[in-house]
Amino acid sequence: MFQKIGFSLLFISLLSCSPNHISHEPHKTIEDKTDDLVDEGILDPAEKEYEHLRWAAKASLLLRGQTELSPDVDDFEQLKKMSKEEITNMYLQGEPFYKTVADFSLYYIGFRQDNLFAEDMPTETLLEFPQAITSAQSLSQDRSFFELFNLRHGLYTLPFDDFSPEAFTEIQLPPPSATLPLSTQRDIFYDQTLLLFEKSIQLSDEELLIEYPRLCAISMSFQGFFTSGPISLFRLLGIPYLNVYSPLKDQTLGFIYCDQSTTPQLADLPFYRDFFKSFVPFLQSLKSLSRDFSKEKYQIDSLTDLQRLPEEIFESQLTYQKFLIATTLPNSSTNRNRRRSAYILKHFFCDDLTPINVEAPSGHTDVHGQNPSCYACHYKLDPMAGFFKDLGTFFNDFSESDTITFDDNKTVDRKDYQKYWLKPNSNDEWNIGYIQSTQFNDLNLYGENLEDLHQILKTSPEVKKCFVKKALEYATDTSQVFDPGFIDDLTKKFIEQEQTSPREAFKNLFRQIALSKTFQKNNRDPDLCYDLKPGAVSKGRPPCEVASVLEVHCVKCHNNVAGVSGLDLSRWITLNNGTMGFPHKHNHKQLSHEESFRLITERLTTTDAKKRMPPADMNPVARQNLYKWLQQN
Amino acid sequence: MSIIALLISLNLPWAAAEPSKMIGFAALEQKIFSRVYEKPQGELLELYGFIVPPQSFSQHLGFYDNGSTLKNAEPNSFNMVLLSFLMDRIAHNLAQTCNPNDPNNFPPLKSTLQKSLSAFCDWPAPSSLEQKNFDQLLLSMTVFDFSSKEQLAWKQHFQSPSQFTKSREQIIYEMSYSLLMNPYFLLKK
Numbered sequence: 200m201f202q203k204i205g206f207s208l209l210f211i212s213l214l215s216c217s218p219n220h221i222s223h224e225p226h227k228t229i230e231d232k233t234d235d236l237v238d239e240g241i242l243d244p245a246e247k248e249y250e251h252l253r254w255a256a257k258a259s260l261l262l263r264g265q266t267e268l269s270p271d272v273d274d275f276e277q278l279k280k281m282s283k284e285e286i287t288n289m290y291l292q293g294e295p296f297y298k299t300v301a302d303f304s305l306y307y308i309g310f311r312q313d314n315l316f317a318e319d320m321p322t323e324t325l326l327e328f329p330q331a332i333t334s335a336q337s338l339s340q341d342r343s344f345f346e347l348f349n350l351r352h353g354l355y356t357l358p359f360d361d362f363s364p365e366a367f368t369e370i371q372l373p374p375p376s377a378t379l380p381l382s383t384q385r386d387i388f389y390d391q392t393l394l395l396f397e398k399s400i401q402l403s404d405e406e407l408l409i410e411y412p413r414l415c416a417i418s419m420s421f422q423g424f425f426t427s428g429p430i431s432l433f434r435l436l437g438i439p440y441l442n443v444y445s446p447l448k449d450q451t452l453g454f455i456y457c458d459q460s461t462t463p464q465l466a467d468l469p470f471y472r473d474f475f476k477s478f479v480p481f482l483q484s485l486k487s488l489s490r491d492f493s494k495e496k497y498q499i500d501s502l503t504d505l506q507r508l509p510e511e512i513f514e515s516q517l518t519y520q521k522f523l524i525a526t527t528l529p530n531s532s533t534n535r536n537r538r539r540s541a542y543i544l545k546h547f548f549c550d551d552l553t554p555i556n557v558e559a560p561s562g563h564t565d566v567h568g569q570n571p572s573c574y575a576c577h578y579k580l581d582p583m584a585g586f587f588k589d590l591g592t593f594f595n596d597f598s599e600s601d602t603i604t605f606d607d608n609k610t611v612d613r614k615d616y617q618k619y620w621l622k623p624n625s626n627d628e629w630n631i632g633y634i635q636s637t638q639f640n641d642l643n644l645y646g647e648n649l650e651d652l653h654q655i656l657k658t659s660p661e662v663k664k665c666f667v668k669k670a671l672e673y674a675t676d677t678s679q680v681f682d683p684g685f686i687d688d689l690t691k692k693f694i695e696q697e698q699t700s701p702r703e704a705f706k707n708l709f710r711q712i713a714l715s716k717t718f719q720k721n722n723r724d725p726d727l728c729y730d731l732k733p734g735a736v737s738k739g740r741p742p743c744e745v746a747s748v749l750e751v752h753c754v755k756c757h758n759n760v761a762g763v764s765g766l767d768l769s770r771w772i773t774l775n776n777g778t779m780g781f782p783h784k785h786n787h788k789q790l791s792h793e794e795s796f797r798l799i800t801e802r803l804t805t806t807d808a809k810k811r812m813p814p815a816d817m818n819p820v821a822r823q824n825l826y827k828w829l830q831q832n
Numbered sequence: 037m038s039i040i041a042l043l044i045s046l047n048l049p050w051a052a053a054e055p056s057k058m059i060g061f062a063a064l065e066q067k068i069f070s071r072v073y074e075k076p077q078g079e080l081l082e083l084y085g086f087i088v089p090p091q092s093f094s095q096h097l098g099f100y101d102n103g104s105t106l107k108n109a110e111p112n113s114f115n116m117v118l119l120s121f122l123m124d125r126i127a128h129n130l131a132q133t134c135n136p137n138d139p140n141n142f143p144p145l146k147s148t149l150q151k152s153l154s155a156f157c158d159w160p161a162p163s164s165l166e167q168k169n170f171d172q173l174l175l176s177m178t179v180f181d182f183s184s185k186e187q188l189a190w191k192q193h194f195q196s197p198s199q200f201t202k203s204r205e206q207i208i209y210e211m212s213y214s215l216l217m218n219p220y221f222l223l224k225k
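Top line first, the protein sequences correspond to chains V and S. Converting from the first sequence to this note's numbering requires adding 199 to each position, the first position being numbered 1. Converting from the second sequence to this note's numbering requires adding 36 to each position, the first position being numbered 1.
Looking at chain S on its own, in the form it has when it is part of the complex:
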């Protein structure tokens, strides 16, 4: 539950004044394929198709449809469920970075992110706790989406001793999920 406390404690004070719309599905997809995965050729059914068809994703997570207003981009319980399923799945996949032989249907990871995540493979050894590893992961995943204070709070949370009992898979999962589901990642700037 610590990750929930982190997300709530981090986001509320600053995010309350953010414009309340999400960036929309196309922009989210662009983020994922510029920061997380190499863009596969053809349809992206493998990534999304397990819940609902991709078209429904775009319709529920914000889209432009011959109008100048982003539709369906306000966070609500339904689109948050869709997002959480999607991000949970991606975070689980990222958590397997240190086990490259595990079979999965995901596209290859971006090399920068792969390198950033690999730094945590010997968690919680001192080498994995170095500041630069956290900075590098933040940069690869969020590319300045976060405020400097949000970054600091995120780092303090994952550098606290209570995290050292977790496995490398669990810590990578939690770090990834908390970045992917963060309002600074999902909402319009």
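Next comes chain V alone, as it looks inside the complex:
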């Protein structure tokens, strides 16, 4: 009917947005570009008003859990009159902000998922990540967001669906009067089923053989076998499968199969008797859960209304996060938890383990790790791995066992295995911790187990700095560069405010992000820092990715070509051949960009403590970032 569009030309339009088409000029500063925070040009009042609302729409997505501005819901005329600060505060006061917290929590720990919410309600997908719910709820009660790291936390559930009387037919019981309320029918169902299994405990062997086919058929229905077509019993009972039925079944019933069409041997009867007996606590739990989490009793309007399932029923399932770590980060008998350690360093310390051979081998690792090139990572990796030393296959705790079994099904003596993390010549002192330096022990944080790791993650300033960096990336893009001085400033404010109010500290961080130049800018250049540390002037300043690091660690000595090494790390100039570089003179002659960078890299990475720069110790992540920048430029 209509003229067809030539899609190939449309592809050109969209494909032209690929990174290859973006011109990345090196060493730009914000003053090289327009300071205008909208696309370009000078805007007339109507355009300014529109761009104000455009920012409000973008901030709504960030601060109201991906909720769009809507002409049906939001008062645009009111928004036009409000300042950006007022709009930000309004968004932060709303309940949907905790959707942002949950979504960011998952981004932070590296397990981002689609469809966490449907409208404003949590979905079953979100319930698979209870740590995200815990952190959001904790923050809503003005407690620490960093409960996110606590590996022991509860499970949550949505309200149960209504009971369906077809459940009686499914397990071959006579249904009660249909005129009874569904909740009464549901209780009758559980009472009758419970009675059957409770009676089975008292039966003689002969009586049990007679009852066996019926009990077997019912138990298989509860296990999910022999159900009538596509309808499973758990649906008829109205119980959420993933978060409630399945874990309770796994915890209470185990994995036993019985065949109602065959008569069991007398010798097998004790085995089946125990199996039927296990249905009593299972059904008792289902009955109480079905009452407590029925739609009548348990109504949720938002994320913060979600309630935990009772710990006494789901005790062995409490460390649900172990499932995530166990399935995505398995531990073999030879891996010694290093994969888990790398995950912790990467996600919570923003340390991607870029190898720089600055640390001299010492007692922090094994023979492989003692090789200088391997030691560059292992001095941090291995002590961090020690926090997981008691955990074997599927993240199970073997601390009370003589042996430990791994995900490759190998079993070894536990004490022998754990000797790996003992300090040299010690029988009880562990070399486990977050290691920043092998020479400056006071920079390191030591511990023994996951609880200690949780405490380190909750309190370490390095973790807070990484958290702020991740929040900035979450709001903008992972490829966006930020001035480390700007991150330090936000981190300092966050840590100070967190002492009095964790919730306000978190909100204030997101407030500052929403009002930052980086967030406000449309069509951002990922290589450009739009926000600098307070007081910084970009003109003549070294590139923003490293300027603050240089100012903290280097500029005190290297601030003048007439001074130490003829190197001035406080300025960034155009060299004779047109490239950019530091003022760096040798015999009164400016060194080329390449030679200057080579000499700086050499001093940054040498293992010779007398030559290594800076002489005072430097956070390994800052050193790695400076090293990577020198390599890339």
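Calculated directly from the structure, the hints in this document are not laboratory data. Worth double-checking, as some hints may not be accurate.
With a cut-off of at most 35 Å between alpha-carbon atoms, the simulated DSBU-like pairs for lysine-lysine come out as follows [to be verified]: (1) S:K185 / V:K257; (2) V:K784 / S:K75; (3) V:K738 / S:K185; (4) S:K75 / V:K257; (5) V:K663 / V:K810; (6) S:K75 / V:K494.
As the structure is a prediction and not an experimental result, all values here were calculated from the model.
Since the structure of chain V is already known, use the hints to place chain S on it.
Positioned in the frame of chain V, the structure of chain S alone reads:
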């Protein structure tokens, strides 16, 4: 072909600096069901199932899968074909707004969009050419995705006399398709 010229001329100068990833299938679906259609109950097979199963849509148009990076969200020839089929189908459906008795399998339109599109039912009568109609349609469909300059260029194109010879169905189709396929609509901000 005028719509192609519009899309190319509008997008290249500004979109070149946009982050190059699409917003991902879940976010796109959310946009469609918050701006275009009332969300139907149950599966959305009716809308997508005619090309490939919905799961494949999400896999090719950007998704998070237990990682913090959006996968498969870079525009490429394959996902652009999928998108163009989907958006073409939606735009065709929107073009029938002025013929409400035509049978279709689509969910009901959002009332705000329905009202915005209905303003063009007497195209090209002067009443349909009023500025507020274009503003209203832009607002309902794009909710501030576009820059102010992109909006202006879009309006100038559809308000030009060369458009007045088109039928109401064709103009609504072209306006809808050019909004749905616009990089400002599809790409991350």
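These are the hints, each one checked on the structure:
1. S:K185 / V:K257: Holds: S:K185 and V:K257 sit about 17 Å apart, inside 35 Å.
2. V:K784 / S:K75: With Cα atoms ~67 Å apart, V:K784 and S:K75 exceed 35 Å; violated.
3. V:K738 / S:K185: holds (30 Å)
4. S:K75 / V:K257: holds (23 Å)
5. V:K663 / V:K810: holds (31 Å)
6. S:K75 / V:K494: Holds, at about 23 Å.
Hint 2 alone, counting from the list given before, is not met by this structure.
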